[in-house]
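Below, each chain spelled out in residue letters.
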Amino acid sequence: MDVVLNAQGLTKTYGSGKDAVQVLGGISFAVTRGEFVSVVGPSGCGKTTLLFAIAGLHSVTSGTVTFNGKPVTAPPKGVAVVFQDYSRSLFPWKNNRDNVVFGMARLAGLSSAQKKDKAQEMLEAVGLTGFADKYPWQLSGGMQQRVAIARGLASQSELLLLDEPLAAVDAQTRADMQDLLLDLAIRFKQTCVLVTHDVEEAVYMADRVVVLTRRPTTVDHEIIIELGKKRDQISTREDPRFLSARHDVMTSIRNFRAAAPAHAA
Amino acid sequence: MNSFRVFDLLLRFRTLISFVLVVAVWQFVASLGLVPEKYFPGIPAIASGFWAMLKSGELFNAEWRTLTRALVGLAGASALGIGLAILSDISPTFRRGFAPVAALIQPIPPAALVPMAVFMLGLGPKLYTFIIILVTVWPPYFNGVAALASVSDVQIRSGQMLGLSRWEILWRIKLPAAMPEIFAGVRYASTISLLAVVVAEMLAGHDGLGFLLIRKAFAIRIPEVYTLMFVCALNGVVMNAMVNALRWQMTGWHIRMTGQPA
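Going down the list, the protein sequences come from chains A and B.
254 is the number that this note's numbering gives to position 225 of the first sequence; each next residue is one higher, with no gaps.
299 is the number that this note's numbering gives to position 111 of the second sequence; each next residue is one higher, with no gaps.
Honestly, the hints are just simulated from the structure, not real lab data.
Just to be clear, a hint being listed does not mean it is correct.
To be verified - Now the in silico label distances, taken between C-beta atoms and shown as ranges:
{"no.": "1", "chain 1": "A", "residue 1": "T77", "chain 2": "B", "residue 2": "W252", "range": "39 to 49 Å"}
{"no.": "2", "chain 1": "A", "residue 1": "G138", "chain 2": "B", "residue 2": "S279", "range": "32 to 42 Å"}
{"no.": "3", "chain 1": "B", "residue 1": "L434", "chain 2": "A", "residue 2": "K259", "range": "53 to 63 Å"}
Stated by the list, open to error - To give a feel for the contact side, a few chain B residues facing chain A, derived at Cβ under 10 Å:
{"no.": "4", "residue": "S219"}
{"no.": "5", "residue": "G347"}
{"no.": "6", "residue": "P364"}
What the hints assert, rightly or not - Coverage of chain A stretches by chain B, computed from C-beta distances (three or more under 8 Å per stretch; other residues unrestricted):
{"no.": "7", "region": "99-108"}
{"no.": "8", "region": "132-144"}
Please read all numbers here as calculations on a predicted model, not as lab measurements.
Backbone N, C-alpha and C fix where the C-beta goes; we use that ideal spot for every residue, glycine too.
Taking the hints into account, I'd like the entire structure generated from these sequences.
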């Protein structure tokens, strides 16, 4: 199996002495090429800390992350992140086209005209034809997140890290965006890791769900979602395999929450 | 013509309208005769004083020098203020060390700086530059420090994910993001630089509006004194228009985004 991302025994402790808080308690999981993996866990389990560690944005206290076999110590070429907070991740002084062009900062050998063409293509891919000259703040929340996704794809990454990218959009937009992300992942051959607190979303999107414990967080178990690559907002969500996976994950998370001390809930 | 159009027109000519209003109120107060006309002349007397100084060329000469000094001073102070803000952003040690220095220098009135500047630098362009920069540098500096510190961490991480260096992140993300707030400081500084240059000219100059104003006051040429006061006020408008043009050029996105053209 072609392992793209491999996390081994990741721990992260903030602070020191008696103020030390261990957030990650030794997380290990691997992601193979073309896979869509969701990572879910109870609130406050350090999902974002984990994602930033994988992305090379934060260091870990111990453990290793490798991307395509190479240890990650800084953000590696070939990894893109779509952040939850789209309105603060895009650049309001650039129009949408230039925001997407910015995503190509690491692509050598493209002229600025080629980059602009490519940005146009990416905006079309996310359904924003005709919005290239508009600014992010002229768009709705869902559309802004589409620009952020286009920027992520434009970097020609292999691994797309999604940090609760749909947490801030309304329910209908969210369903559309889930399907868009699934389509794009296949079309642009992206390996995806989605970090979310939404169990339904985690199961709906993923080939495999990694369930985390509460702090100090470890991997509780993994479930393979055998629903194929083609998902449908209505029929997939009614499929007994979907329901049983959802039941499994929700039960685990509820148990962790029940066992958690009140201040961590 | 509906009320919206009227309001729009009023808004467009608001500077002119305020000017006309001030002139009207002035003339009204003068005609009440509360202060002897000699000391508080009406608009016609002030206008003839204006005309006399315009014909002799002394007004244009003084105006040109004062405005140039204020502009050069503002440009220098803004560049220095932004430079110091960048340095403070890069080095927390510098920022903390510089804070007491700033706190000590900032409250010194420009007039109090003049004697020291004369002893140190003599009577010349260096004197003006020194005084203007020392009193004008603070708004761009403090606004710059605050703005650079509050750039969204998500924007910075977006840059880090693309492998940008610290300098590229500063240049391509932090500075553009901070620019609107820096410009708010520069606009405020533009007024201060006008105040500083006129005060310096009054106390140590041999030309410029401040110098001319003092000379006319000592000669008891009262309408001319008032003329010069009006010219000082109009300089604020000129300076603001110039800074505003640059602000639209550099941060027009922010003005359109917030819908607040001022």
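Hints and how they fare:
For the pair A:T77 and B:W252, the beta carbons lie near 59 Å from each other, so the given range of 39 to 49 Å is not met. Between A:G138 and B:S279 the beta carbons are some 36 Å apart, a value that agrees with the proposed interval 32 to 42 Å. The hinted window of 53 to 63 Å between B:L434 and A:K259 holds, with their beta carbons roughly 55 Å apart. For B:S219, the interface hint is violated, since its Cβ never comes within 10 Å of a Cβ in chain A; the closest pair sits about 52 Å apart.
Look at B:G347: its Cβ gets to within about 8 Å of chain A, closer than 10 Å, so that hint holds up. Because the beta carbon of B:P364 sits about 5 Å from the nearest beta carbon in chain A, less than 10 Å, this interface hint is met. Only residues whose beta carbon comes within less than 8 Å of a beta carbon in chain B count, and the region 99-108 of chain A has 4; three or more means the coverage holds. With a cut-off of 8 Å between beta carbons, the region 132-144 of chain A has 3 residues touching chain B; three or more are needed, and the interface restraint holds.
Taken one by one, the earlier hints fail for this structure at numbers 1, 4, listed in ascending order.
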